[in-house]
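Using the numbering used here, the final residue of the first sequence is 878, and nothing's skipped along the way.
Check each hint, because a few of them may be wrong.
Here are the simulated distance ranges between beta carbons [said to hold, decoys possible]:
id : residue 1 : residue 2 : range
1  : G269      : V165      : 44 to 52 Å
2  : D16       : D575      : 20 to 28 Å
3  : H239      : T108      : 51 to 59 Å
4  : T407      : S704      : 55 to 63 Å
5  : T407      : G374      : 17 to 25 Å
6  : N10       : K860      : 48 to 56 Å
7  : N34       : G374      : 38 to 46 Å
8  : G113      : G374      : 42 to 50 Å
9  : A39       : V387      : 26 to 34 Å
10 : K400      : G444      : 48 to 56 Å
Hints were generated in silico from the structure; no laboratory data involved. Ideal Cβ positions, reconstructed from N, Cα and C, are used throughout, including at glycine.
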Amino acid sequence: MNTELDKIYNPSENEDAIYEKWEKSGFFNPDNLNVAEDAESYTIILPPPNITAKLHMGHSAMLAIEDLMIRYKRLKGFRTLWLPGTDHAAIATQNAVEKKIFKEQGKTRHDLGREKLLEEIWKFLKQTQSEILTQTRKMGASLDWSRLAFTFDDERQLAVKRMFVDMYNEGVIYRGERMVNWCPRCHSTLADDEVEYKEEKSKLYWLKYGPFVLATSRPETKLGDTAVAVHPDDSRYQHFIGQELDIDGVLGKFKVKVVADKAVEMDFGSGVIKVTPSHSFIDSEIAARHNLPGKKIINEEGRMMENCGKYAGLTTAEAREAIVVDMQALGLIDHIDEDYVHNSARCYRCDSVIEPLPSEQWFISVDKKIKRLGDKSLKERALEVAVSNEIKFTPERYQKRYIDWMTNLHDWCISRQIWFGHQIPVWHKGEETHCGLEAPVGEGWQQDQDTLDTWFSSGMWTFSTLGWPHNYIDGQKINDLAKFHPTQVLETGYEIITLWVSRMIMMSIFALNEVPFSQVYLHGMVLDKEGKKMSKSKGNGVDPLEMIEKFGTDAVRLAILTGLTTGSDLKFNEDKVEAKRNFVNKLWNIARFILSSSDAIASVEKDSINQAPEPKSLADKWILNSLTETIKNVSKNLDEFNFAFAADALDEFTWNKLADWYLEIAKVEKDKSEILIFILRKLLIIWHPFAPFVTEKIWSSFNSSLLMVEAWPQLDSLKNYLELENEQEFKIIQDIIVAIRNARSLNKIEPAKKLQAIIYGHKSTQILLDNQAIIRNLKTGIESTEIYESGDKIVDAISIIVGGVEIYLLGAIDKEKELERLTRERDNLIRLVSLQEQKLANSEFVSRAPEKIVAAENEKLLNYKSELEKINNTISNL
RNA sequence: GGGCUCGUAGCUCAGUUGGUUAGAGCGCUACGUUGACAUCGUAGAGGUCUGCAGUUCGAGUCUGCACGAGCCCACCA
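Start from the sequences, fold in the hints, and give me the full structure.
Shown next, in the form of structure tokens:
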């Protein structure tokens, strides 16, 4: 044990060693925790970061919050498991690697081929993955590394296959032709949330279309039209509804049917739209409602198909130009709006324009009734658990968002046409199809080329990481799955409620018929100083490692945690981290002061950790009482996820009560070691979840055990030492200490002027601090105020007898300024008295307001009046 | 277009069911202190609580409208 602490705490010299000590202790692993066999478990599964890039401040916030939760519960004696992992992030990763290869070698994925590309991806992945894990350790995250998982490792591959097969056999997964968002460059479908809409200026063409004039931004799709639609209530077009018309087109006449559909807006354009069922989402829905045939004219390269005559082979953009020229020649264009602003759908990876196409894809049915689930569908069950609060959302408003989204949920397209990902466990041979964990025996079977949406594997994250399917036998959970599932809290950013949270809920319901977690806590986004999103392109991101290097991990964690009120975004800036670095140092020095006081070490040995020493003075009672209050407050706020409030309470106690007051008193009063050590121990425990490194370091200097697995103070063992009147008494003492501090400075300026024991401005007479540090003879309302003047200063003096020696404490105030202040105060009071009198003269107020309020207002008036009188006296004395 | 959140001191935010003179931290000014401390103490300046209207004896708080900021969802032929 080393009780000599350096003058300044140096995080970078200590943090790695402390983390290593924690990790070596084995206590990150719940199996090693010294808790009762039947101790309640507390599990958080870490949202696995994508392995595409280094961690950013958002990840740091997530790690800080979750580590706080876990460390708190660990101290409270729960069997805590925080399970780490990473996400292969199929499309995102493949794109990142493709970009890299193109930049370095000028090659596309097609040049490399599937196998070579996957090889490159694995290389990239190993690199970033190890970087991410290093960064995670740097944040002090107490994750159980022995259970580290990856969405694409062997166990998870098995789990994914098994899940697919089970869903397939249940009829929940099906293959079907549907309109999808197709990226012609990536050659893949995109989920709705992978499509980005960008505002764009383009042309709006008004076509002469049989008897109509109608507006379109995509004249080339006229080749695929099979109908026109109008609103059923549109009086202009009633007589056309149901007719079949011959329309002139660039490739000759073709037939369309006129249908009435509410999807058409009467106010837009001419109120007539052309219907291209195969290349527009709305149109395909209209077509489905009216049984209209579709005509496919655009292929998966984004080019016109062979049925487009001379336009075949052109890209849609080229075809548009060509067709417009031809239409103009034929007089089929009425006019063109040049600057039509609309949203264009873009691929979120490569920014190509999305083509809506009908395509064969794999889907998860959210509406299929499942016997096992009480004949309810995944959607119905996923809604139920939120509505019934079986899963609670914090902040509550996100419950509504989840429910809204779930209510409108369509079947989930899970297939992707990329190479990196879980390949679909389906084999084809001619017309035959086989779905299973392994390829079927026999020749000629070819595995489906598609891979799964990355959210399929991350949706299984709460149970695939806990050994499902091995640990799930005949509907019974065993081992880890039994111990830790359902988990307690899912902590993540609010932006992925729909992408991830909802899918985890459905997957867990399907696989285990239970919710994956009982509580969803959503933190806000980390924004830059100006409140803008941090992004690579803007270059306004803050590198967490840089911050840690500069200020230490504890400071970074505190900066995050104190600013983060529930659900609101966090504006992050360096000044805040610096302030917290100062605070960490303050904590360090509080410990240094306590531990270096002469008899501290002796008392450490005899100090009992859990039994508070008997308070000997009022100050002792006060500080122990404050400590109790603080512990209560912090526990309550942590239980309710109000991390910032908890940190505030701790801050207030540590800085404003302990350091400012009690330590100052301890400099005067003797024999405080036992209490100081007791307080320090408790203080380190409750600070530990927020600032784990510095607290562990201090702890290790006078304890041989690990702070990380100490016991959180028991609330029922904490006494209330202070009565109300004591508290008032202590306020007086605080006043006196203020005077002591001011007096010090005056003593330096005018050392010769030792004055009689006179009290002014404080409601106390003689203060006696004896060896037992008992403060006596406190009186209030003393009349014999004597003022000593020294030049233009008013001297404010107190004499204190410490151990039989009389010392003088002097405070000085500039006379003129003091007079000014008093006058101001008096004027203010006069105003208040008058206001208050007016208020009480109001008969409506007196008759209507509750009695309690009126009484309080009356008392207030009396207080003002008496204060006014006092001030008047003081002023005339001056 | 539909929905959600927010607007309080120069900055970051508290403000519990309507009821003292609307608070804290940081920053700023002045005077001091610095032998646990990167500190710290005391005092002070700074707010028509975005605006307008309403309910009420009384509105930062409740209601409506307007303005401004952010987010989510849907998507325009």
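Consistency of the hints with the structure:
no.: 1; hint: G269 with V165: 44 to 52 Å; in the structure: holds (49 Å)
no.: 2; hint: D16 with D575: 20 to 28 Å; in the structure: holds (26 Å)
no.: 3; hint: H239 with T108: 51 to 59 Å; in the structure: holds (55 Å)
no.: 4; hint: T407 with S704: 55 to 63 Å; in the structure: holds (57 Å)
no.: 5; hint: T407 with G374: 17 to 25 Å; in the structure: holds (19 Å)
no.: 6; hint: N10 with K860: 48 to 56 Å; in the structure: holds (53 Å)
no.: 7; hint: N34 with G374: 38 to 46 Å; in the structure: holds (42 Å)
no.: 8; hint: G113 with G374: 42 to 50 Å; in the structure: holds (48 Å)
no.: 9; hint: A39 with V387: 26 to 34 Å; in the structure: holds (32 Å)
no.: 10; hint: K400 with G444: 48 to 56 Å; in the structure: holds (53 Å)
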